[in-house]
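Listed in order, the protein sequences are those of chains A and B. Residues in the first sequence are numbered from 1 upward in steps of one, following full-length UniProt numbering. Residues in the second sequence are numbered from 1 upward in steps of one, following full-length UniProt numbering.
Derived from the structure by calculation, the hints contain no laboratory data. We treat Cβ as the ideally placed atom computed from N, Cα and C, and that holds for glycine. Possibly wrong hints are sitting among the right ones.
Below, computed lysine-lysine pairings styled on DSS-like, alpha-carbon distance capped at 30 Å [as the list claims (entries may be wrong)]: (1) A/Lys184 x B/Lys269; (2) B/Lys178 x A/Lys160; (3) B/Lys142 x A/Lys147; (4) A/Lys304 x B/Lys142; (5) B/Lys304 x A/Lys142; (6) B/Lys177 x A/Lys160; (7) A/Lys147 x B/Lys256; (8) A/Lys298 x B/Lys227; (9) A/Lys184 x B/Lys288; (10) A/Lys178 x B/Lys162; (11) B/Lys178 x A/Lys162; (12) B/Lys304 x A/Lys227; (13) A/Lys227 x B/Lys147; (14) B/Lys178 x A/Lys269; (15) A/Lys288 x B/Lys184; (16) A/Lys178 x B/Lys184; (17) B/Lys64 x B/Lys162; (18) A/Lys334 x A/Lys120; (19) B/Lys178 x A/Lys178; (20) A/Lys227 x B/Lys256; (21) B/Lys143 x A/Lys147; (22) A/Lys147 x B/Lys147; (23) A/Lys184 x B/Lys177; (24) B/Lys148 x A/Lys304; (25) B/Lys120 x B/Lys26; (26) B/Lys177 x A/Lys162; (27) B/Lys227 x A/Lys227; (28) B/Lys147 x A/Lys298; (29) B/Lys288 x A/Lys177; (30) B/Lys298 x A/Lys147; (31) B/Lys227 x A/Lys256; (32) A/Lys298 x B/Lys148; (33) B/Lys227 x A/Lys304; (34) B/Lys178 x A/Lys184; (35) A/Lys178 x B/Lys269; (36) B/Lys20 x A/Lys177; (37) B/Lys160 x A/Lys177.
Now the stretches of chain B that chain A is said to cover, found in silico as 3 or more residues with beta-carbon under 8 Å [said to hold, decoys possible]: (38) 150–158; (39) 166–180; (40) 193–200.
Number of protein chains: 2
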Amino acid sequence: MGYKIAVVGATGLVGQEMLKILYERKIPVSEIYAFASAKSEGTYVEFGDEKIKVEKATVDGISKADFALFSIGEEISLELAPEIAKRGTIIIDNSNAFRMNPDVPLVIPEINPEDLKNHKNIIANPNCSTIQMLVALNPLHKKWRLKKIFVATYQSVSGKGKDAIDELLTATSSFLKKEDYSPKVFPYPIAFNLIPHIDSFEDENYTREEMKMVRETHKILHDPTIKVSPTCVRVPVLRGHSEVINAEFEEEFTLKEVFEVLSNAPGVKVLDDPSNRVYPMPLFCDGKDEVFVGRIRKDLFEPKALNMWVVSDNIRKGAALNAVQILEYMINNK
Amino acid sequence: MGYKIAVVGATGLVGQEMLKILYERKIPVSEIYAFASAKSEGTYVEFGDEKIKVEKATVDGISKADFALFSIGEEISLELAPEIAKRGTIIIDNSNAFRMNPDVPLVIPEINPEDLKNHKNIIANPNCSTIQMLVALNPLHKKWRLKKIFVATYQSVSGKGKDAIDELLTATSSFLKKEDYSPKVFPYPIAFNLIPHIDSFEDENYTREEMKMVRETHKILHDPTIKVSPTCVRVPVLRGHSEVINAEFEEEFTLKEVFEVLSNAPGVKVLDDPSNRVYPMPLFCDGKDEVFVGRIRKDLFEPKALNMWVVSDNIRKGAALNAVQILEYMINNK
Numbered sequence: 001m002g003y004k005i006a007v008v009g010a011t012g013l014v015g016q017e018m019l020k021i022l023y024e025r026k027i028p029v030s031e032i033y034a035f036a037s038a039k040s041e042g043t044y045v046e047f048g049d050e051k052i053k054v055e056k057a058t059v060d061g062i063s064k065a066d067f068a069l070f071s072i073g074e075e076i077s078l079e080l081a082p083e084i085a086k087r088g089t090i091i092i093d094n095s096n097a098f099r100m101n102p103d104v105p106l107v108i109p110e111i112n113p114e115d116l117k118n119h120k121n122i123i124a125n126p127n128c129s130t131i132q133m134l135v136a137l138n139p140l141h142k143k144w145r146l147k148k149i150f151v152a153t154y155q156s157v158s159g160k161g162k163d164a165i166d167e168l169l170t171a172t173s174s175f176l177k178k179e180d181y182s183p184k185v186f187p188y189p190i191a192f193n194l195i196p197h198i199d200s201f202e203d204e205n206y207t208r209e210e211m212k213m214v215r216e217t218h219k220i221l222h223d224p225t226i227k228v229s230p231t232c233v234r235v236p237v238l239r240g241h242s243e244v245i246n247a248e249f250e251e252e253f254t255l256k257e258v259f260e261v262l263s264n265a266p267g268v269k270v271l272d273d274p275s276n277r278v279y280p281m282p283l284f285c286d287g288k289d290e291v292f293v294g295r296i297r298k299d300l301f302e303p304k305a306l307n308m309w310v311v312s313d314n315i316r317k318g319a320a321l322n323a324v325q326i327l328e329y330m331i332n333n334k
Numbered sequence: 001m002g003y004k005i006a007v008v009g010a011t012g013l014v015g016q017e018m019l020k021i022l023y024e025r026k027i028p029v030s031e032i033y034a035f036a037s038a039k040s041e042g043t044y045v046e047f048g049d050e051k052i053k054v055e056k057a058t059v060d061g062i063s064k065a066d067f068a069l070f071s072i073g074e075e076i077s078l079e080l081a082p083e084i085a086k087r088g089t090i091i092i093d094n095s096n097a098f099r100m101n102p103d104v105p106l107v108i109p110e111i112n113p114e115d116l117k118n119h120k121n122i123i124a125n126p127n128c129s130t131i132q133m134l135v136a137l138n139p140l141h142k143k144w145r146l147k148k149i150f151v152a153t154y155q156s157v158s159g160k161g162k163d164a165i166d167e168l169l170t171a172t173s174s175f176l177k178k179e180d181y182s183p184k185v186f187p188y189p190i191a192f193n194l195i196p197h198i199d200s201f202e203d204e205n206y207t208r209e210e211m212k213m214v215r216e217t218h219k220i221l222h223d224p225t226i227k228v229s230p231t232c233v234r235v236p237v238l239r240g241h242s243e244v245i246n247a248e249f250e251e252e253f254t255l256k257e258v259f260e261v262l263s264n265a266p267g268v269k270v271l272d273d274p275s276n277r278v279y280p281m282p283l284f285c286d287g288k289d290e291v292f293v294g295r296i297r298k299d300l301f302e303p304k305a306l307n308m309w310v311v312s313d314n315i316r317k318g319a320a321l322n323a324v325q326i327l328e329y330m331i332n333n334k
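Okay, chain A solo, but in the shape it has when bound:
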């Protein structure tokens, strides 16, 4: 026995990783469907040793599934998901389309799986930068209550898909050969550069990426009073997002307690031994499931605050893995 599962956006970076993780984690699958936009129709994707033919994403097609994991972009999610949900398929959507919808649970399984019980067939997967930040902070929040978060991100190009990875590689190669290269995916050259601009600009000159970190934190932790101050920056890294985080809590703690809590926290791996040069780095998180935490230090002036450095594979825990974990939780708690 198993479930009919559809991956929608199956040819993208996240979609392919979803298929890989569904297989790796032995999710009980009776049928697997791969959907994508019209231009990928008829191509094949892998699921274990099988080749799956990609179908065009339609309401009728996707509604065959019990569960549909969407990672096909906000517009198509908005267009297709409501009708598919109405027909009884449970959708776990990786886009921004429904995240702030009060009828849609926004879930990190390590943090708020109980929110799943009120779903109306659409569940939202949070933004990659939010997921890794909160997986690292929530265990501390549960003990000492978060008051304020400053976060500066160092986001890899893979957050923008396969074309962005190609652009970084091609642009870098052109730079080394002193050839011209015109960026197409990013607004400026990303090779050997930093771009402090991810997603569109909203009010108050914050980007939508930054505002996602604020709003999603409030929704996931059920606490709109937590002060979040984010700045999001694109860096010339292929895969893995990194974050400098300063977190201030309501109550006092010792550094020893922080290490204890994080070492036992679900989904977290502490890599923190400076004298042996042990700290997380994006190059070494590729393909791994954990949120890696290092450079853990007390703030020098605020006794209730700490600094840390958090790295995770944005395509796995930041997207595909979190979605599959939601699915897993729902199957196990049916």
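Place chain B on chain A using the hints.
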């Protein structure tokens, strides 16, 4: 008429930039001397159209100069500078050797040139990350008094010299060709990676680079009560350091006032027009004198705090230019 000026560490990145800036800014030079470690003796460096023969750095040699700009590393500065200073040459030292010495002024000419009057022939140039942070923050501090600074750095490899630039280029090229490359300058591969470790680790698991930003801020602003919370990260960028800064002030301000103050601040250039994709980026600050400030926003929850993104050429304003500006100030205020 002019001054006898020595550049000590003349073959390094900063030393060569010092020579370039001394020439560009038409510093009145009667004699120019180039000194370096023994291994560069007899090579040549450029000063305008002239070729200058490099001499081995010795007390006797350097003492011929009225002013000596040092950028030869902490150890040699500690060894040579005190005796040279005793013989009457005024030293402007770019290393960490004397920065926290109470007898040594630590000066950013836009901020605390008055500290120069108490010098005892040694003046220290601050750390690159500190300089660009304070050039951007001091004009605001003067109006609303800084209370707290949270800073995450994105530091280019050039801060570690020419070998580090070569290592990033070679490592990147090897990565693209899927060839192995063993890092020599950095503890880990820097190509397409981030390393949250600059300089050695001190107490409390802060790096020395991070502690410089704390201690130097207190010394330059004459205020040890300002809370500084730094995390320093090396990024795969060739030249130009970037910083995410959240600054909290004692008094209230409007965003309009912040733009006015920064637009009129010495050494600062505001690049901030998000709707037209205008913000600073390290790729475009190379060779420029200014500290570029953008992404200026009020903190979403703290009415007396703001976020900003600060970029500057670490070899120019972060090192060589600041040293030459100190020299210029001393010549003009003799």
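Status of each hint after checking the structure:
no.: 1; hint: A/Lys184 x B/Lys269; verdict: holds (28 Å)
no.: 2; hint: B/Lys178 x A/Lys160; verdict: holds (23 Å)
no.: 3; hint: B/Lys142 x A/Lys147; verdict: holds (29 Å)
no.: 4; hint: A/Lys304 x B/Lys142; verdict: holds (28 Å)
no.: 5; hint: B/Lys304 x A/Lys142; verdict: holds (28 Å)
no.: 6; hint: B/Lys177 x A/Lys160; verdict: holds (24 Å)
no.: 7; hint: A/Lys147 x B/Lys256; verdict: holds (28 Å)
no.: 8; hint: A/Lys298 x B/Lys227; verdict: holds (13 Å)
no.: 9; hint: A/Lys184 x B/Lys288; verdict: holds (27 Å)
no.: 10; hint: A/Lys178 x B/Lys162; verdict: holds (19 Å)
no.: 11; hint: B/Lys178 x A/Lys162; verdict: holds (19 Å)
no.: 12; hint: B/Lys304 x A/Lys227; verdict: holds (13 Å)
no.: 13; hint: A/Lys227 x B/Lys147; verdict: holds (18 Å)
no.: 14; hint: B/Lys178 x A/Lys269; verdict: holds (29 Å)
no.: 15; hint: A/Lys288 x B/Lys184; verdict: holds (27 Å)
no.: 16; hint: A/Lys178 x B/Lys184; verdict: holds (25 Å)
no.: 17; hint: B/Lys64 x B/Lys162; verdict: holds (28 Å)
no.: 18; hint: A/Lys334 x A/Lys120; verdict: holds (15 Å)
no.: 19; hint: B/Lys178 x A/Lys178; verdict: holds (20 Å)
no.: 20; hint: A/Lys227 x B/Lys256; verdict: holds (23 Å)
no.: 21; hint: B/Lys143 x A/Lys147; verdict: holds (28 Å)
no.: 22; hint: A/Lys147 x B/Lys147; verdict: holds (18 Å)
no.: 23; hint: A/Lys184 x B/Lys177; verdict: holds (23 Å)
no.: 24; hint: B/Lys148 x A/Lys304; verdict: holds (14 Å)
no.: 25; hint: B/Lys120 x B/Lys26; verdict: holds (26 Å)
no.: 26; hint: B/Lys177 x A/Lys162; verdict: holds (19 Å)
no.: 27; hint: B/Lys227 x A/Lys227; verdict: holds (19 Å)
no.: 28; hint: B/Lys147 x A/Lys298; verdict: holds (18 Å)
no.: 29; hint: B/Lys288 x A/Lys177; verdict: holds (24 Å)
no.: 30; hint: B/Lys298 x A/Lys147; verdict: holds (18 Å)
no.: 31; hint: B/Lys227 x A/Lys256; verdict: holds (23 Å)
no.: 32; hint: A/Lys298 x B/Lys148; verdict: holds (15 Å)
no.: 33; hint: B/Lys227 x A/Lys304; verdict: holds (13 Å)
no.: 34; hint: B/Lys178 x A/Lys184; verdict: holds (25 Å)
no.: 35; hint: A/Lys178 x B/Lys269; verdict: holds (29 Å)
no.: 36; hint: B/Lys20 x A/Lys177; verdict: holds (27 Å)
no.: 37; hint: B/Lys160 x A/Lys177; verdict: holds (24 Å)
no.: 38; hint: 150–158; verdict: holds (count 3)
no.: 39; hint: 166–180; verdict: holds (count 5)
no.: 40; hint: 193–200; verdict: holds (count 5)
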